[in-house]
Amino acid sequence: MERPRHQGMARNTYMRWRLPLICLLWEAAMIILFGVFVRFGPEADAHWEEEKHKMNLTSDIENDFYFRYPSFQDVHVMIFVGFGFLMTFLRRYGFGAVGFNFLLAAFGIQWALLMQGWFHSFQNGKILIGVENLINADFCVGSVCVAFGAILGKTSPIQLLVMTLFQVTLFAVNEYILLNLLHVKDAGGSMTIHTFGAYFGLTVTRVLYRPNLEQSKDKQGSVYHSDLFAMIGTLYLWMYWPSFNSAISEHGDAQHRAAINTYCSLAACVLTTMAFSSMLQKKGKLDMVHIQNATLAGGVAVGTSAEMMLTPYGSLIVGFICGIVSTVGYVYLTPVLESRLHIQDTCGIHNLHGMPGLIGGIVGAITAAAATEDVYGKEGFIKAFDFTGSYKTRTPSVQGGFQAAGIVVSLLMAFAGGALVGAILKLPIWGDAADENCFEDDIYWEVPEDEESDAYHMHNPDKPASP
Amino acid sequence: MERPRHQGMARNTYMRWRLPLICLLWEAAMIILFGVFVRFGPEADAHWEEEKHKMNLTSDIENDFYFRYPSFQDVHVMIFVGFGFLMTFLRRYGFGAVGFNFLLAAFGIQWALLMQGWFHSFQNGKILIGVENLINADFCVGSVCVAFGAILGKTSPIQLLVMTLFQVTLFAVNEYILLNLLHVKDAGGSMTIHTFGAYFGLTVTRVLYRPNLEQSKDKQGSVYHSDLFAMIGTLYLWMYWPSFNSAISEHGDAQHRAAINTYCSLAACVLTTMAFSSMLQKKGKLDMVHIQNATLAGGVAVGTSAEMMLTPYGSLIVGFICGIVSTVGYVYLTPVLESRLHIQDTCGIHNLHGMPGLIGGIVGAITAAAATEDVYGKEGFIKAFDFTGSYKTRTPSVQGGFQAAGIVVSLLMAFAGGALVGAILKLPIWGDAADENCFEDDIYWEVPEDEESDAYHMHNPDKPASP
Amino acid sequence: MERPRHQGMARNTYMRWRLPLICLLWEAAMIILFGVFVRFGPEADAHWEEEKHKMNLTSDIENDFYFRYPSFQDVHVMIFVGFGFLMTFLRRYGFGAVGFNFLLAAFGIQWALLMQGWFHSFQNGKILIGVENLINADFCVGSVCVAFGAILGKTSPIQLLVMTLFQVTLFAVNEYILLNLLHVKDAGGSMTIHTFGAYFGLTVTRVLYRPNLEQSKDKQGSVYHSDLFAMIGTLYLWMYWPSFNSAISEHGDAQHRAAINTYCSLAACVLTTMAFSSMLQKKGKLDMVHIQNATLAGGVAVGTSAEMMLTPYGSLIVGFICGIVSTVGYVYLTPVLESRLHIQDTCGIHNLHGMPGLIGGIVGAITAAAATEDVYGKEGFIKAFDFTGSYKTRTPSVQGGFQAAGIVVSLLMAFAGGALVGAILKLPIWGDAADENCFEDDIYWEVPEDEESDAYHMHNPDKPASP
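These protein sequence lines map, in sequence, to chains A, B and C. Okay, so the first sequence: first residue is 1 according to full-length UniProt numbering, each after it adds one. Okay, so the second sequence: first residue is 1 according to full-length UniProt numbering, each after it adds one. Okay, so the third sequence: first residue is 1 according to full-length UniProt numbering, each after it adds one.
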């Protein structure tokens, strides 16, 4: 069924006109759409001075900016440095990892502001944005970064932009179904970001299956320094994940609680990752792939429940389990996925975002179903699940059911969307590299000559030595 | 007119007494001056407990610390990691890039606290400092970091300290003229930081022209890993620029707005940079130099207008244009500046800070001139431009005129100051390297031997192998 | 007295069962203890909604989360990226530096939450945690990271976990004696974190003395890129140290003041470090070891006094002195400590944390003793030193005496605890490496082959080239 693709089509990777054209046209479209639709929200508008009086606010500190901006910046670092550097582990794909992540995220956040704006912040024909919208746009792009991990090294920048366009759109639809129609809680995005992003990306890479990828097997590994660069990404994701999961929670105790739960879950996850990394290797040595990735699974898996009363020990349990599941996945599942199901998952996103995302959805459903007024307090209970208006009568167990439904919807959207987008990306017009040129920056980037021997006696062909 | 300098003067780079002497004497001077002049501002002084009652503040959260400290830390990262690592792209000048930037910035912030303090925070013979002063000191040093980019690799640490001393002084004067005399708005420093810093640095490097610099041409390039280190700098500048442009804006909506505008401008800038980087290269490949630098031009160019009602789509337009201008500058203008005007601009600051800074000044003038009470609201209008006291009757169009005058003043100060400082730095007493030793850490740093072949069979000459 | 250890015991470093067992059992113990003891504090609990009414708080912004979370995140970065990358300077121990630091810190913060909780946040049989507890847990682990610096490259991950278990315990006891029994001020931890951590680690490394360590001398140096990685750690420690020293100070002016004092001290420290680094080397060249470490001594040395009215110029003086002391220590003291006292201090923590920590304790004692109601204001004076309740009548000079006693207690705890823990770690069951294998990742990590020559013609032994 699969056939060798792009035999001898290295010429096809020529980006000179296609990439600029897409970048410029799409950015022009962004400008027009922003011009028509996007305006400052009330707290960012110069009219806020008057708004404050109306809302009876006595201090500027009540501006949402001060509640959320520090978390926003942490999330921003996670998207650009976190995901970007996490993927630099490949020996010769560091430029592509950081650079293409930069490109797709910069485009994605603009498109996400529009898509999410139409669904969530649309008033009188305008999208009104504030710091919470910036966070949500970063979140949405986070799910694209996840999917990028599966196809890292095998796609052209144009394919990535096309994928971003579609994935952001589908993300916004899925998010709307979950948050607005199912009234599901998912502040840290176990379902909307990780489950959706991972299974979307896995489906795309399945459709783009390259049977002869072992031709570039020598470039699929890391080198000593590239593993250290990747650790920069890992650590920033790990450290700032409490900000990620708490960034858009309700002001006050919910943000506070989400940060604590995530902190605990991540700490536990490191220990079980180390344990299984050593245990599953004959020589008992630790594997950087696990440390770089599986240590983060605990953050993914409390994405839904972090703002709930999961409690610190509940978080430890979730982190404990996810470090194991994720590491075992890297050792046993990833090879099987490739050999049996033809899913080539460069970064192992199934282990870092897929399974932990599902666990996160399930933990969220259980935690919601187990909620009681006793644990949350009367007011806290209503506030935590927003059981107001038409949801006034919803019970925790019903909420748990809807949460579970949210997982299913996210999976279905991911599979359907991934299949569609994979099919589009399979068209032979996007300039992706031949199998033997995958995982190689040289195709799309000006790469400096190596530093080794020639650093000091390099010859510049353009300038002959003066006589 | 120009003559080969420092022929065979490699010995001259001996720093052992000159550098320590300057560092110790100047730091001692700082201590004395701080002792005479610098005290805690009211919000950092232990008397604040009583001050609070007088000011009728009910909560500690009203302390300016909580409004600005997160932004301050982001700015701090930009100055030390952002600028420092951005300049590590050179293959053998990473220590100098990060280390000298560290040195000049650490000195510069102290001197800036004094200089800016005398102009702006001087009360009853004392300079009263708080978090806003720390931000302003970092800003001031930012303009020195910009100028450093032009002369990177060609100057001794002493020259850098001398330049910092003068440039900080001139910065404070220029800032005083703009903010206090012309009553110009420039919260993100398009004029005071970027335009001034860039043209100052370009003038200095012009005066220090080295006709035989191609002798070290082999060291002016990057290597694979040095380009990745530089991307750390790029990304931190890019991610935290919204904090930079909003750090000293008015509390509330102005800070909020400035962050949003900058976020938008930077996102657009990435796409046009990628487009033109690919388009202007025969093979259509992306160039790391452009990605590392031109993607930031959008942040520079909204430095003046970010806190105004530029609107998100206005920001996108500015970013769109600046990505193009900056990238085109790298490809076509930088070589011409060197060959025709003898301006050797190591990092291309003309493309990243010069032209975008000018654009930023112009955009700010236009945005100010176009302001209306309708757009800002009656109170917001007055607050945004501080049209109070003796400026009560100033109109937007007059404000626009003064903004434009601010650009001209900054340029004149930069040219005059740069010429003066360049002339001082040209004195043959500062220990700069010979042309063939430029861009080489080995001159001023203990450099470890390379890791390659000898990593495991290195010989220690001091300790013969035990028999 | 000392004997060559572990002769030919390279096999012993096999971690496969020991490391997983410890990680899993200890994490399971954490879960049980958290389950029994740890609950959300009132500001992170869903009942806060009701609590707010009782406490008459009108705004969510009064939640401690908003006062401390940005500082917490900065501290978090210091522990994981700061300390982790600072130690990557070794040419072949980058994985161990970042990875083991990650492991011990992730375990340590959990155990610290419990230990510190029992001493400080124990109410009705429960430990109630909030953001301040997270910061304190990070602080506690900071002292373990300090001690790790002394034994870096010479211990197995199991030894590190054992050391963490004991050191965190002793830290909590010492902290309780200082803060609760002696009523000492030490917000930035000059005594509790740095003095204790450093002399604890030095005692441990003394007990673990390896007489034949010169066998791995070739691996004790840096390479060009590893020095740049280390600078990432240095700069993040340097930039975020103002957050470290202000993170748990009283709301308002104390936090504000602590940040300013630290900023000033660190700036001065950079200049004197550079001066002495150049002066103490025959060729006058700067040494990366000093820049990476001694520049931070100024932050250590204002750890106790930063929140007091040390004043900016007082801070400059402290930083001035500590840059000198620390650099001189690296050049003259470290070799003597090794040759005479058999203290092998890999990172030179005695120069960065030991002496500056002692200085910090002394400066704190003096600053406290010199405090007057005139300088602090009547209310500020009481608030700054918490002269309430049973301490109502304590005078500044008495406080100074207790501060000095705190130094002595910290030292005694460090020596006694270090000797005990060193003796435990000397047991030949923990899998540490032979002398010739120290400073080598290969023992405990899967290390990728080097990138040099073989990057493109690597052979995969599992898959013979298809015929």
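There could be a bad hint or two in this list.
One copy or any two copies: either way a pair holds, since identical chains are not told apart in the list.
To be verified - Under the rule of at most 25 Å between Cα atoms (straight-line distance), these lysine-lysine pairs were calculated in the PhoX-like manner:
1. K219 with K52
2. K52 with K392
3. K285 with K219
4. K126 with K378
5. K283 with K426
6. K392 with K126
If you are wondering where the hints come from, they were derived from the structure by calculation, not from laboratory data. All figures in this text were calculated on a predicted structure; none of them were measured in a lab.
Using 25 Å as the alpha-carbon threshold, which applies to K126 and K378: within, between, both, or neither?
between (36 Å within a copy, 22 Å between copies)
Status of K126 relative to K392 across identical chains (alpha carbons, at most 25 Å)
For K392 and K126, the Cα distance exceeds 25 Å both inside one copy (29 Å) and across copies (33 Å).
Indicate which option fits the pair K219, K52 if close means a Cα-Cα distance not exceeding 25 Å: within, between, both or neither.
neither (58 Å within a copy, 57 Å between copies)
I want to check one pair: K52 and K392. Are their C-alpha atoms no more than 25 Å apart within a copy, between two copies, both, or neither?
For K52 and K392, the Cα distance is within 25 Å only across copies (23 Å; inside one copy 30 Å).
Since the copies are identical, ignore which copy is meant and state whether K285 and K219 lie within 25 Å (CA to CA) inside a copy, between copies, both or neither.
both (22 Å within a copy, 20 Å between copies)
Cα distance capped at 25 Å. Does K283 pair with K426 within a copy, between copies, both, or neither?
The answer is between: 24 Å across copies meets 25 Å, while 41 Å in one copy does not.
Hint compliance for this structure: hints 1 and 6 are broken, all remaining hints hold.
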